[in-house]
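If you read the protein sequences in the order shown, they are chains A and B. Just so you know, my numbering puts 158 at position 158 of the first sequence, and the rest follows in order with no gaps. Numbering-wise, my numbering comes out as the position in the second sequence, counting from 1, plus 1000.
The set of hints was computed from the structure by calculation and includes no laboratory data. Treat the hints with care, since some could be wrong.
[Unchecked claim] Partial chain B-side listing against chain A, Cβ under 7 Å, derived:
hint	residue
1	Glu-1079
2	Thr-1087
3	Asn-1090
4	Ser-1094
[Said to hold, decoys possible] Simulated crosslink set (DSSO-like; lysine-lysine; CA at most 30 Å straight-line):
hint	chain 1	residue 1	chain 2	residue 2
5	A	Lys-92	B	Lys-1154
6	A	Lys-92	B	Lys-1084
7	A	Lys-92	B	Lys-1078
8	B	Lys-1154	B	Lys-1129
9	A	Lys-167	A	Lys-47
10	A	Lys-224	A	Lys-155
11	A	Lys-88	B	Lys-1154
12	A	Lys-167	A	Lys-46
13	A	Lys-155	B	Lys-1078
14	A	Lys-91	B	Lys-1202
15	B	Lys-1154	A	Lys-96
No residue lacks a Cβ here, since even glycine has one placed at the ideal position from N, Cα and C.
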Amino acid sequence: MTDFALTTFSSKGKLLQIEYALNAVAKGDTAIGIKAKNGVVLVVEKKQSSILVEESSVQKVSLLTDNIAATYAGLGPDFRVLAQQARKLVKKYDLKYQEEIFVQTLSRELAEDVQVATQRGGIRPFGVSILIAGYDEEGPHLVQLDPSGAYYSWKATAIGKQAKNAKAFLEKRYNADMEIEDAINTALLTLKEGFEGQITPTNIEVGVIRDDHVFRILPPSQVKDYLEELE
Amino acid sequence: MSGIFEYNGGSIVGMKGKNCIAMACDRRFGQQMSTITTNYQKVFKIQDNILLALSGLNTDIHTFYALMEKEINLYNLKENRKMKPTTFANLVASALYERRFGPFFVTPIVAGLENGKPILATYDSIGCKSDLDDFQVGGTGGNYIYGACEAFFKPDMSPEELEEVIGQSLVSGCDRDALSGWGGVVYVLTEQKLTVKILKTKQT
């Protein structure tokens, strides 16, 4: 730990370290989130560097609590750390209030940890943008959390390599009356649009939460069914 | 100090009715055998639908109440919503346990209405929460009030009946206890309003 900040302002008023962190995010595998009337879906690319990699051991959609999960674009290990911090925040809240935490509350508290990394001495910003999806008392939520600590609520969004194209695609396809099944199909279609090579049930990950407040990461067999429906 | 919970004296009682709850407390603030004032507040309105009653060491009553006020105000500002009575009830338990090895010398009762449903919880001084179906007492006159409550209480009373029963139980209990009394205050909370009534007890 050093005493001085590593992230400091440029003369133009920018925090270059955060810009560079966003560059790292832009190089990461694409992740897409869509909020429907009655649920939220997260879909993320999981392309492995080699066929020798044990695909089932890689988990890109992480459960933060029963009704909230997250995925990312950018540096995997940074996401792992933040996911664990988020889980601890949920439990801390649970110990104090014994109540299901709201997605907005969790996003805000996690965002504080992310912001601290842009100001505290001796540490660098996190190199991930995170998509948090959950269903709480207020309804379905989709929140994007950036390396700067800024967080935004979305109806539908994409982060990572194909973010720009995917968002353009989503803008055309999204409508507020979407049900969760439509949203899942749309998310898969959006991912397929910019996918390099063949999309298979094992090189993507799909997570869904419906109004039962239970987040489920779909097993490859279910993903296969959805992908076949797209044909 | 022997009997730190008895030093200031005072009694509280909470009761559930049909879609309503009631809390009552005495008004005495004493120092062992001396009475200092006869208008000390022991029941606090935390939110429109939550009441907190505290008995025990008066300095801790005041401090713990202030701590709960701070928690709920910060919660309202951060979360941009009101706190549910069951959530507040859990908050009281964890706040008490946080001071496990240097506790607040209070025994709280929390009462509230959550979507019209009555909520009643009581705790020991280190946060052991009990959810109750009927009534609970606290303070030096507690045991005497218990007797009166057992005799007069019936489930699903109307706000008017509840006010009468809790008032009578408090008054007869405090009359027996040397360290409680000098007046009583009864709070009855329904979906529509909170009524506060001041009662006369034996002036000793």
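Comparing the hints with the structure gives:
no. : hint                      : result
1   : Glu-1079                  : 6 Å, holds
2   : Thr-1087                  : 5 Å, holds
3   : Asn-1090                  : 4 Å, holds
4   : Ser-1094                  : 5 Å, holds
5   : A:Lys-92 <-> B:Lys-1154   : 39 Å, violated
6   : A:Lys-92 <-> B:Lys-1084   : 18 Å, holds
7   : A:Lys-92 <-> B:Lys-1078   : 16 Å, holds
8   : B:Lys-1154 <-> B:Lys-1129 : 23 Å, holds
9   : A:Lys-167 <-> A:Lys-47    : 20 Å, holds
10  : A:Lys-224 <-> A:Lys-155   : 25 Å, holds
11  : A:Lys-88 <-> B:Lys-1154   : 44 Å, violated
12  : A:Lys-167 <-> A:Lys-46    : 19 Å, holds
13  : A:Lys-155 <-> B:Lys-1078  : 23 Å, holds
14  : A:Lys-91 <-> B:Lys-1202   : 50 Å, violated
15  : B:Lys-1154 <-> A:Lys-96   : 34 Å, violated
Hint check: violations occur at hints 5, 11, 14 and 15; the rest are consistent with the structure.
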